[in-house]
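With the hints as a guide, bring both chains together as one complex.
Here is what each chain is made of, one letter per residue.
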Amino acid sequence: MKFTLSWLKDFLDTNASVDEIAERLTAIGLEIEEVVDPLAAVKDLIVVSVDECVAHPDSDHLHVLKVNTGKELVQIVCGAPNARAGMKGILARPGDYVPAFGDKLKAGKIRGVESFGMMCAEDELGVGPDHTGIIECPEDAVVGASITTVYPSDPVFDVSITPNRGDCMSVYGIARDLAAAGLGTLKTPKHNVTVCAFKSDVKLSNEATEIGAPFFTLREIRGVKNGASPKWMQDRLTAVGLRPISALVDVTNYFNITFGRPLHVFDADKVKGQITVRSARDGEKLTALDGKEYTLSDGMVVIADENGVESIAGIMGGEASGCEESTTHVLLESAYFTPESIAKTGQKLILTSDSRQRFERGVDPASTIPFGADMAAQMIAELCGGECSELIVTGKEPERPAPIAFDPHRVEKLCGVDVPADTCKEILEKLGCVVKSDGNLFSVVRPTWRSDISGSHDLVEEVLRIYGYDKLPEIALPRPNGVHGILQPKQRREVSVRRAMANRGGCQTITWSFMSSKDAVPFRTKDAVLIANPISADLNEMRPNLLPNLVSAARSNITKGTFDGCLFEVGPQFFGFKPMEQETVACQLRFGQATPRHWAVAQRSVDVFDAKADALAALDAAEAPQSVQIVREAPAWYHPGRSGAVKIGKTVLAYFGELHPKILKAMDVKTTVCACEVFLDRLPPAKKKNGKGVKTLKLSAFTPIFRDLAFLVDRKVDADKIVSAAKNTDKVLITDVSVFDLYEGEALGDKKSVAIQLTIQPVEKTMTDEEIESVCRRVVGAVGVATGATLRS
Amino acid sequence: MSDMETLQADLLAQVESAADLAQLDAVRVAVLGKKGLITEKMKTLGAMSPDERKAAGQQFNTLKTAVADAIEAKKAKLEEDAINARLAREAVDITLPVRPETQGRVHPLYQTYDEVVAIFGQMGFDVAEGPDIEDDFHNFTALNTPKNHPARQMQDTFYLKGEENGDKFIVRTQTSAVQIRTMEKQKPPVRVIVPGRTYRCDYDATHAPMFHQVEGLIVDTETNMAHLKGCLIEFVKTFFELDDVPVRFRPSFFPFTEPSAEMDIGCSRKNGELKIGEGDDWLEILGCGMVHPNVLKACNIDPEVYQGFAFGIGLDRLAMLKYAIPDLRTFFESDLRWIKHYGFVPLDIPSTASGLSMTGGNKR
Chain A
1384 MKFTLSWLKD FLDTNASVDE IAERLTAIGL EIEEVVDPLA AVKDLIVVSV DECVAHPDSD
1444 HLHVLKVNTG KELVQIVCGA PNARAGMKGI LARPGDYVPA FGDKLKAGKI RGVESFGMMC
1504 AEDELGVGPD HTGIIECPED AVVGASITTV YPSDPVFDVS ITPNRGDCMS VYGIARDLAA
1564 AGLGTLKTPK HNVTVCAFKS DVKLSNEATE IGAPFFTLRE IRGVKNGASP KWMQDRLTAV
1624 GLRPISALVD VTNYFNITFG RPLHVFDADK VKGQITVRSA RDGEKLTALD GKEYTLSDGM
1684 VVIADENGVE SIAGIMGGEA SGCEESTTHV LLESAYFTPE SIAKTGQKLI LTSDSRQRFE
1744 RGVDPASTIP FGADMAAQMI AELCGGECSE LIVTGKEPER PAPIAFDPHR VEKLCGVDVP
1804 ADTCKEILEK LGCVVKSDGN LFSVVRPTWR SDISGSHDLV EEVLRIYGYD KLPEIALPRP
1864 NGVHGILQPK QRREVSVRRA MANRGGCQTI TWSFMSSKDA VPFRTKDAVL IANPISADLN
1924 EMRPNLLPNL VSAARSNITK GTFDGCLFEV GPQFFGFKPM EQETVACQLR FGQATPRHWA
1984 VAQRSVDVFD AKADALAALD AAEAPQSVQI VREAPAWYHP GRSGAVKIGK TVLAYFGELH
2044 PKILKAMDVK TTVCACEVFL DRLPPAKKKN GKGVKTLKLS AFTPIFRDLA FLVDRKVDAD
2104 KIVSAAKNTD KVLITDVSVF DLYEGEALGD KKSVAIQLTI QPVEKTMTDE EIESVCRRVV
2164 GAVGVATGAT LRS
Chain B
74 MSDMETLQAD LLAQVESAAD LAQLDAVRVA VLGKKGLITE KMKTLGAMSP DERKAAGQQF
134 NTLKTAVADA IEAKKAKLEE DAINARLARE AVDITLPVRP ETQGRVHPLY QTYDEVVAIF
194 GQMGFDVAEG PDIEDDFHNF TALNTPKNHP ARQMQDTFYL KGEENGDKFI VRTQTSAVQI
254 RTMEKQKPPV RVIVPGRTYR CDYDATHAPM FHQVEGLIVD TETNMAHLKG CLIEFVKTFF
314 ELDDVPVRFR PSFFPFTEPS AEMDIGCSRK NGELKIGEGD DWLEILGCGM VHPNVLKACN
374 IDPEVYQGFA FGIGLDRLAM LKYAIPDLRT FFESDLRWIK HYGFVPLDIP STASGLSMTG
434 GNKR
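Note that the protein sequences, when read in sequence, are chains A and B.
Mapped onto my numbering, the consecutive letters of the first sequence carry residue numbers 1384 to 2176.
Mapped onto my numbering, the consecutive letters of the second sequence carry residue numbers 74 to 437.
Hints in this document: simulated from the structure, not taken from any laboratory.
Just so it is clear, the structure is predicted and the values come from calculations on it, not from any experiment.
Keep in mind that the hints are not guaranteed to be accurate.
For lysine to any residue, the following SDA-like pairs were computed, each having C-alpha atoms within a straight-line distance of at most 20 Å [claimed, not checked]:
1. A:Lys1796 with A:Asn1823
2. A:Lys1873 with B:Asp199
3. A:Lys1471 with A:Gly1509
4. B:Lys234 with A:Asn1916
5. B:Lys395 with B:Glu351
6. B:Lys258 with A:Pro1962
7. A:Lys1454 with A:Arg1476
8. A:Lys1492 with A:Pro1440
9. B:Lys241 with A:Gly1959
10. A:Lys1961 with B:Gly235
11. A:Lys1796 with B:Pro376
12. A:Lys1727 with B:Pro219
13. B:Lys234 with A:Ser1919
14. A:Lys1668 with A:Ser1680
15. B:Lys260 with A:Arg1862
16. B:Lys234 with A:Met1963
17. B:Lys258 with A:Met1963
18. A:Lys1614 with A:Gly1509
19. B:Lys220 with A:Asn1916
The following block holds chain B by itself, in its conformation from the complex (with noise of 0.2 Å):
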């Protein structure tokens, strides 16, 4: 081995031995450095004659190529190292929770609601509201009920102390006295639901004193009992997201519609579990009909001619039979372990366009 071999070899193995960048600079400067080993031979070329000057600028140049590439390569290394290291120190139990983020919920009859209105909406019916507190008028006479008809021992009425002009007050036992208000504001054609809190004096395990109901309201010159048919009939399949679901309509009875329906739905109850949709059960979810003569009347409007429908739907109701709550009660305690589990995620927004039951996400 040459000289010049030995000393690259010393060199490269001083490089290989830094142990950090610091000791690897030190390795620099006193290799390459301006008084450094190499830079002080290349000073020695200027005395040489031309030959040896070329023999050794060569070999100096090679030895200078060689440890500043090893010097490079080492660099990268323990600047790798360095992050490595840098990493695992860093390094954390990523299986620990993130922080906390609450998700809060839609509460399943609103949510209810919101499906009812895409529903409908789409249909071209407006939503209409009204007070909850209202006057004998609109919740009874009106709706072609005068005092002492047995129909308003059907429902029972919570009344308010205090009167003015010998007037009383309740609050609304159905929605259906929105249908009133609403004619008094606006004349034919009138397409309307109208969602809202009513009120009976009734307490259960079937019954609650508050509970919801989606009064729908139709009034043109054309719209007949077949229409109503229909419609109803898309509203079911739509709302239950069923292709088809078998559909019973009976004469009943309610006093501001003639002629009166009720409809069922088919359903099993098989083994105490409700299915919608197959079976061959039967199982009520609304009251409807024509609107009654009276009712019309009571609005200024001429029965001969117009006409159109109406009904009334428990929105509750609706609520339990497609999300299998067991227990109207429930709805109103306010349990937050129930409004978890019920409840929809705010990003669960129904449409009939993108389908009413997306989920909105996982519930946390």
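Excised from the complex, chain A in its bound form (with noise of 0.2 Å):
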């Protein structure tokens, strides 16, 4: 919302600095954007006069000119029409700013003649609306003066507005607002009746009373010569970013700016038969003031004629029967709409207007005869002349509000801060309310025009609003008693995991929770979870998985020379479009090479076993349980050789693996990627342990032995089944088995060779080597049985 300061100085009789009403306004919750003073970026501009004009040797309309600075004589050349000797007009030199430009003005040649500066016009310094011709100053004007001695500094303040304040979407409303708060007095407008000198003929029937126009009026005026408007409206209206456009159409954006009074202005010789005031029937279309056809439906609140809609109801007039310059007979609508109506409609039809913002936040529905009915009548009589018809009413204006019943205690209560009962009354009082004290009880009607107070909570914020934010008191927390979990179980899961794989070198990202239906499509497992209105064609659809992302961003370091690396991301992926319907995975996915090149290391691919390892780390960051099982079983995104599942029961608790080449060709990677995918929310609940989890440790009195076998076993059987069954020979002696060799060559045609080490721990005695030997003999035969290995020679 934009103002000028002699604007708001029209209804507020005030002392205060610009700077004082920019603070007051914020301080009420009217809060300032900027204040721009248009003046300020060319004041160094000055007045000159015009000594000499001739005509440019080269041209048929530019003039060359001799203006007097009153220090020196210089030399422009000018194309205005009104340039003349003996005028005064206002010169930019080079090196001064030109809004219009945007830049410093620089001296130059013109068809041959030297230009040393130019002479203004209104619109090109950002003072005003013209661009027929250069500014003239008036003929007191001093010479050599700044230009701020003939345009008067009128600063233009941008303040935001929030939805519930309707009321303040006008000039009048924000001075009634600083009134209020104690930054002057507010100057009520006269209301004069208006001299009716007919009664119109106009047949006008409102059948949409029950459905957003409770109250509608029309009045006729006769005779008006459409021109264009004043040049002090033209001024305000320019200054607040509007084109004026005529004198009927700027009187109507006028009231709507200064009174927040919405109108419309009908050419009544364009209207045909009877005006109805109805819901549009599904699939009427009206071309609107914008040039765009729209196309209505049932429940919309039209103005209709004979010849079908005229105007969307509050939103924004038809374009046949709007004004034109050879206007001399309209129709002035004032009326009430519902906000609901009006937002409704606005929504379907994807329009906002000036007058949609208002009604939509609520016009004072009293405003409607007075300011709008009298008072924009009588300018359009004062403006275009003619003559005014009596007022045609349907409908009538919403009944007043109900009293509020209001404790003014409640203001301590809820602000902590003690506002005296009398100092609430005479705040409500400020604002328009009428307050009757009733014991404790204050009765409370608000003013017509603040619809958005309800109820006493209301009245609270209305009262601490203009007793001041600035004096609540600051009063520290009360902590609870007693110690707080904060972080739930999952939570710190999570915590946990993103520290874990970070430390294991991951990078952690953020990637969007949606992405492109081309790349989800080999990563759904469910129907695949639209957006009904993505931002671009790319980010259509909820992730049903972290990795393509990853994937992406992966391709994306690459392009920037980054060939190598590991990033991590904890969030969400989604398999339904309903609440809930989505899981908490912390996906880890490292590519390129495992380790960068270096003099002791050597270089290798990241492969299914970095994968295995963040897995594995992630879930033991997560205190998952330790008894799973790792089987080959991945989905069709992953190497069918290379990838795997950590499981518990029937329960996956993570995937990881090198990605399928095929995934990784479509989506243009070329070089090797692997990853894992943890859902967290699938592990069992850790136990709360209290610091009691761990157990006492009893260290053995005598020293472990350490026995290598090597087996030699079929390639297909998986090293994990040697090692089970070796543990399981003897579950007391053997305290660990592990795999120190591998060996798969050609000379061993389709089997390899595995070793593993065997940690004997002693019980009760030392053990003699033929025990030890027999042990060792145990596992040979348990793993022969369980494997076909047997041991090489």
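Structure follows, in structure tokens:
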């Protein structure tokens, strides 16, 4: 919401400075976005007199001027039709800033004649709308003086109005709120009853009183002469970013901004037959004043005649019945439309206007006649001439609001600041409320323009707002007794997993929760969850998996010259379009080489064992159960021979592996990529240990014995089977079995050699060589039975 | 010089000239071995008269001790030389780089998340969570934002395709939805913060279609707006690690709070550089207010008995402000160079006890 200082002062009698006004506006919730003085940018420009004006030797419309700055004569080439000797104007010299160019002016040659500056038009300087010629200063303007001696400074305020404050979508409303806040006195415009010259024979019926148009009036004005509106009005409209069009249109815009009173003017000669306020019919069309055609539907309130729809009520008029230069006969509409109806129609049509903004936030119904039907009609008659008819009224002003019971102690209870009851009353009355004391309770009737006030809590806010948020005390929040867990087990898990993944070299990233369907397809296991209004076509699906975003991230890093890396993300993936149909996944992805080129370490690509290690580390960080199975089953996006799952019973806790080459090809990644997905929500709840989770340590008195055994076995046999068989041979004596060598040479054909180390821990006494050999023989036997392996000779 | 002295000098010279341990041992055997020179001389003592034996014995013993000591000394010397030679051979170029270990990073947003949790945790807030996909009721209606409410246009909502029993679903525009889910499950007193992803249909230099908020909610019988002010001022001071931060509360509007406020903190913007905690400019950092009675009613909580406050802070914005990260969009670009630069080493775990900005050690 923009307005100028002089405009505000039409309604507010105050000596406050611009800064004071700005500060108070913010303090009462009308947040200042900025205050701009258009003159500030051009204050160096000066008044000059044109001493000589001759035709340009090489042009039929340019002039060559000699202008007097008070100190020197300057030669200027000028194309303005009103340039002439003896006039006074505004000169911009080389180095001066000219808003229309957005830059500083330079000296130049125009058709061979040097020009040391330019004579300016209003619109070039942003000080007014005029662009028909150069500025003509009054005769008594002082040559050499600043432009600010000719144009008074009138700073433009830009205020951000929250959706609840429809009453402040007007200069008058802002003045009223400032006056209530004690920054001056409100100057109420005088309401004169309109002198009616005749009774209109326009036929009006309102069928929409129940669906959004409870109160609708028309006034016919005959014999108007449309033309440009007066300069003061054009200046104001221009200052707030509106384009002056014609007196009739400008008056409606002016009332919209000044009083928050939307109006519409029909050209009465273009309207045919009876006028009806009614619901649109499905499929009816209207070309609105913005030149676009809108298709209307049932429930939208429109103003129609025998030609069809002429206007979308409270939002935008139609092109066909709009006013033109030639218009002489008009109908002025002033009405009250309900916010719900306007919002619904506006949202459906995706059509915004100054009028809609105001109706949607709530226009003062009581302003319909005094500010609309009377003052606006009178201004039209004053500016354009003509005679007014008697007012045609349909429906009636909505009922005045019921009183609200208000206990002034609620202010202290809710806000912690003690505002005396008398002060509360005074503040509410300043805001326009009618307050009656009834014992400890107030009975408060809100003003008609504050439809946002509906209950006691609203009155608390109003009191505090005017009393001053700066007077709120600051009280330390009392701490609850006892120890709090703060993080739930699930959240603690996420924190641990994030730190664990970073500890393993992962760089944490955050990618969008959405992605392109194209990349999502191979990763879907359920129906796609699609966004109806995506921000772009490649962000149109809620991600069914974290991996594709991370693969894309790897690709973009490779493109930027980072060829190897480890990224991880902990976040949601989605398997349905309803709330809760999502799960938290920790996904770590490695690409390129596992280590950098190094003098002491052989380089290798990332592989499935990196991913497996990542998965197991994350599960450990999340305190997953340790009795998990590693099985060869992973989804189709993994390399079928280099991937697996970590399971507990039937539940998959994690997948790990190298990504399928087809996936990488489709996503244009030309390096090896491995990854793991850890499903944090599927983990059984970690036990609360209260510090008691650790068993007492019992150290053995005997030194452990280590024995190596190498087996020859079919290549298809999993090493894990050998290890389990060995472990299970003697669960007391054998405390550890590890694979320390693997050989798969051609010499062995379809067999491989797997070497394990047994750790044998004597329990009650040292063991003899024969006893140790006996353990080893049992292991060889058990492994042979379980896997067909033989001891390698 | 006597014969004995000549012999001793000769034997010591042999010891001294030994080039290595093998030669030294050869000398030892030749002199002190079973058939060594001195051993042989000792054997001659038996045939001597007692007086001669005493004199010769002394001489032989002196000679033996001198040579044995010399051999020991020489042995120590040769061993020392040998180890020094080995060490010299084993010397390496210690300027070579060490074996590679990669050091990962925690994203600055999650570092901020951990800091915020630490601060509010210490004030007795629990951490609540809710789904990213929401229904109309939790995201809007229960938050006092009925259909066609102009406040709905304050936010550009992403809608999902598909519906169930006529209900359409959205991705949440605000973590405030979790206020409702929390109060549906838990009766007052409630004291939670809700960090999480939020989504708006908006993408430019200062808006991302996905960003993060942390919501705060207290509902009990006593907590008022002065507590809100105290709580948030304590938060900004702790978070920005400043002894004092100028703070301004302004009236504002959110459908789900009343009275509503926005909180600004003092800053300076001289020379295009933003400094928090000083200067005469203001920076908006959060919205807050007293929970609207309609919100309590939507959760079957009696607004005549219970009251409380709520606030919402942009986590991304907090991270940008504290860690001087200029562009929001870079948070979501997964550029490893960026993550390594702005990210945090895993051991830098924020706590209010050890100080929020431990560095956790150098970044590599």
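Taking the hints in turn, this is what the structure says about them:
Distance hint between lysine 1796 (chain A) and asparagine 1823 (chain A) is fulfilled; the C-alpha atoms sit about 15 Å from each other, no more than 20 Å. Note on lysine 1873 (chain A) and aspartate 199 (chain B): the hinted pairing holds, with a Cα-Cα distance of about 13 Å set against a maximum of 20 Å. For the hint pairing lysine 1471 (chain A) with glycine 1509 (chain A), the CA-to-CA distance comes to about 19 Å; that is within 20 Å, so the pair holds. At most 20 Å may separate the alpha-carbon atoms for a hinted pair to count; lysine 234 (chain B) and asparagine 1916 (chain A) meet this at roughly 9 Å.
Of the pairs offered as hints, the one joining lysine 395 (chain B) and glutamate 351 (chain B) holds, with about 14 Å between alpha carbons and a cut-off of 20 Å not exceeded. Among the hinted pairs, lysine 258 (chain B) with proline 1962 (chain A) is consistent with the structure: their alpha-carbon atoms are about 16 Å apart, no more than 20 Å. In summary, the hint linking lysine 1454 (chain A) to arginine 1476 (chain A) is supported, as the alpha carbons are separated by about 13 Å, within the 20 Å threshold. A hinted pair counts as satisfied when its Cα atoms are at most 20 Å apart, and lysine 1492 (chain A) with proline 1440 (chain A) qualifies at roughly 13 Å.
This hinted pair checks out: lysine 241 (chain B) and glycine 1959 (chain A) have alpha carbons roughly 13 Å apart, not beyond 20 Å. Distance check on the hinted pair: lysine 1961 (chain A) and glycine 235 (chain B) sit about 9 Å apart at the alpha-carbon level, within 20 Å; holds. Distance hint between lysine 1796 (chain A) and proline 376 (chain B) is fulfilled; the C-alpha atoms sit about 12 Å from each other, no more than 20 Å. For the proposed pair lysine 1727 (chain A) and proline 219 (chain B), the alpha carbon gap of about 12 Å is at most 20 Å, so the pair holds.
Under the criterion of a C-alpha separation no larger than 20 Å, the hint pairing lysine 234 (chain B) with serine 1919 (chain A) is consistent with the structure, at around 15 Å. Among the hinted pairs, lysine 1668 (chain A) with serine 1680 (chain A) is consistent with the structure: their alpha-carbon atoms are about 9 Å apart, no more than 20 Å. Note on lysine 260 (chain B) and arginine 1862 (chain A): the hinted pairing holds, with a Cα-Cα distance of about 18 Å set against a maximum of 20 Å. Distance hint between lysine 234 (chain B) and methionine 1963 (chain A) is fulfilled; the C-alpha atoms sit about 16 Å from each other, no more than 20 Å.
Distance hint between lysine 258 (chain B) and methionine 1963 (chain A) is fulfilled; the C-alpha atoms sit about 15 Å from each other, no more than 20 Å. Between lysine 1614 (chain A) and glycine 1509 (chain A), the direct Cα distance comes to roughly 14 Å. Compliance with the 20 Å bound is thereby established for this hinted pair. Straight-line distance between C-alpha atoms of lysine 220 (chain B) and asparagine 1916 (chain A) comes to about 18 Å, which keeps the hinted pair within the 20 Å bound.
Checked against the numbered hints given earlier, the structure satisfies every one of them.
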